[in-house]
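Undergrad: One letter stands for each residue in the lines below.
Number of protein chains: 2
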Amino acid sequence: MLDWTSATKTLQNASQILVVSHVNPDGDAIGSTLAVGNMVESLGIPVTLVNESPIPDKIASLPGAEKIQFPSQVSERFAVIIAVDAADISRIGNCQQLFADNPTIINIDHHATNDYFGTINVVKSDAAATVEILYDWAEYLKISISKQLATVLYAGLLTDTGGFRYSNTTSHTLRIAANLLDLGVASYELADRLLETISTSYLEQLKDSLATIQIDLDGKVAYLTSMEEDNEGLVNFARNIEGVDVGVLFRPKDEHHIKVSLRSRQLIDVSQIALSLGGGGHARAAGCTIEGTMDEAIEVVIQKLKAAFEGVNE
Amino acid sequence: MLDWTSATKTLQNASQILVVSHVNPDGDAIGSTLAVGNMVESLGIPVTLVNESPIPDKIASLPGAEKIQFPSQVSERFAVIIAVDAADISRIGNCQQLFADNPTIINIDHHATNDYFGTINVVKSDAAATVEILYDWAEYLKISISKQLATVLYAGLLTDTGGFRYSNTTSHTLRIAANLLDLGVASYELADRLLETISTSYLEQLKDSLATIQIDLDGKVAYLTSMEEDNEGLVNFARNIEGVDVGVLFRPKDEHHIKVSLRSRQLIDVSQIALSLGGGGHARAAGCTIEGTMDEAIEVVIQKLKAAFEGVNE
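Protein chains in written order, with the UniProt record's numbering: chain A, 1 to 314; chain B, 1 to 314.
In case anyone wonders, no lab produced these hints; they're calculated from the structure.
Hints may be right or wrong, so weigh each one.
Intra- or inter-copy, both count: the list cannot distinguish identical chains.
List of simulated lysine-lysine pairs, DSS-like, C-alpha gap at most 25 Å [said to hold, decoys possible]:
# : residue 1 : residue 2
1 : 207       : 220
2 : 207       : 259
3 : 220       : 58
Work out the full structure, taking the sequences as your base and the hints as a guide.
TA: Structure follows, in structure tokens:
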């Protein structure tokens, strides 16, 4: 459902706008926040950008990111809110404290699980990223896309498609990316910073975690452990091994709980494994938390996966 | 120089065609070989595809790759040859033994260093990959691009741009990629197989090599060592560390020589370092071989880099 008419009308009649996105923001959340900020400003409407969480270093270098505030830094209350890349209202965390009574919420998102929490909903689940929807809105609004706007849009595309590698990448995604390059985006530098750069602490973790890799179930499953929270992408080293279908990362959450991240290539719907263990997610990427020791968590997940592979082979 | 008129005339008058590419082929070499093979066949002309080297496993799964032969398997001699992705004739190795006397060679390539060795030269150094030039030729020839042809073209784009991440990626590259997706390319599967998958032997190497990473010159240089030949991409783990500009991989070539691979982000033109040590390459990726022990090679390269960084800071 793409209600551009209502969204545009609400936007154009607003005296000021609050833009919010999900906690623990990724490149699409911040890219979308900055893109909407840029678009609203170009229409001459005052805009305030907030996020509950600190912005990760890599993303914080996007142009304009310094304008994003914590809700505690903002004293006004807002009657018109644009929420981007948030599947439900709880995802924006304590940004809700900035809402006036009965606010008008424009919900712009690409998650299939979006629950249409907005007053106006612009939800397109086949968009690779929320920025892809915002590009279309910018075209609809006939906004001239500056290099800065193009850059934050491109950043969202890059990060949510893993550099145009994931299955959400469509020809529309690539054509938008091409148009953004023509507007001056330094795509190489963005890809280098957002996708390639690793911190020294991540490197240490990578060394430690790779040393723990185990291959099981006749080479179809690989798993590894990590002691740190900043473990983005580590699970892919397990999943990416030739012949492996499911990669799993185990991390102690606290003394009695293990956090489990699952990634699959093709055969196993890992959201079903996660669901059966009290978690959730997508067919190719899911997660859950298991009570018990590391060894117990590994045992439980491997047994679930074993049964799942037996189901596939039948 | 894009001499499509002559190339097309020669192609259409040929009774049979030999397609060759460079030794130790990468995705663009094989993608281009298969693309030309497909295009020539679709014009009803018999075609023979050869390469001196075995095709790496990942690339060998491309559709039609089983048709590529070693020169020793071919008894005919050819009067019309299409050479793809080869900067000079020596790059095709012993494929030259299949040439008839005074052959007509169509040289299709994107390397800036191409020496125009062909009878007809179609060289476009701002193309991200040779397949990008071949896509344009297919359009010029009004060939209907099948899913199979689209797949091998996309494979060349993906591998030569590092998944649209390198600075050779242009909006033309992305628009071609978009058009190829519309023709049915399973881009996610290709990216997964060609860019993401790692072999268990590579994983072992990665573990061993990461353990050797050293950071030097105030964090601007990182280097690591590898004992194996199959070390594609390892050097990037050094280059990709936050704050690092130059990553270096050292590998013993034989008892008395160390092979050196250099990658840089921005500040240092590593081709100059490599040149000064008897090697060569590009500003961002270069290599050389140094006589001596591992420790000696590291010492020499670090000193060269130290001087280069001092030059930058002046």
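Undergrad: Between copies, within a copy, both or neither: which fits residue 207 and residue 220 at Cα up to 25 Å?
TA: both (23 Å within a copy, 20 Å between copies)
Undergrad: At most 25 Å between C-alpha atoms: does residue 207 with residue 259 qualify within a copy, between copies, both, or neither?
TA: Both ways: residue 207 and residue 259 sit 20 Å apart in one copy and 24 Å across, limit 25 Å.
Undergrad: Classify it for me, residue 220 with residue 58: is the Cα-Cα distance of at most 25 Å met within a copy, between copies, both or neither?
TA: between (33 Å within a copy, 18 Å between copies)
When the structure is compared with the earlier hints, no violation turns up for any of them.
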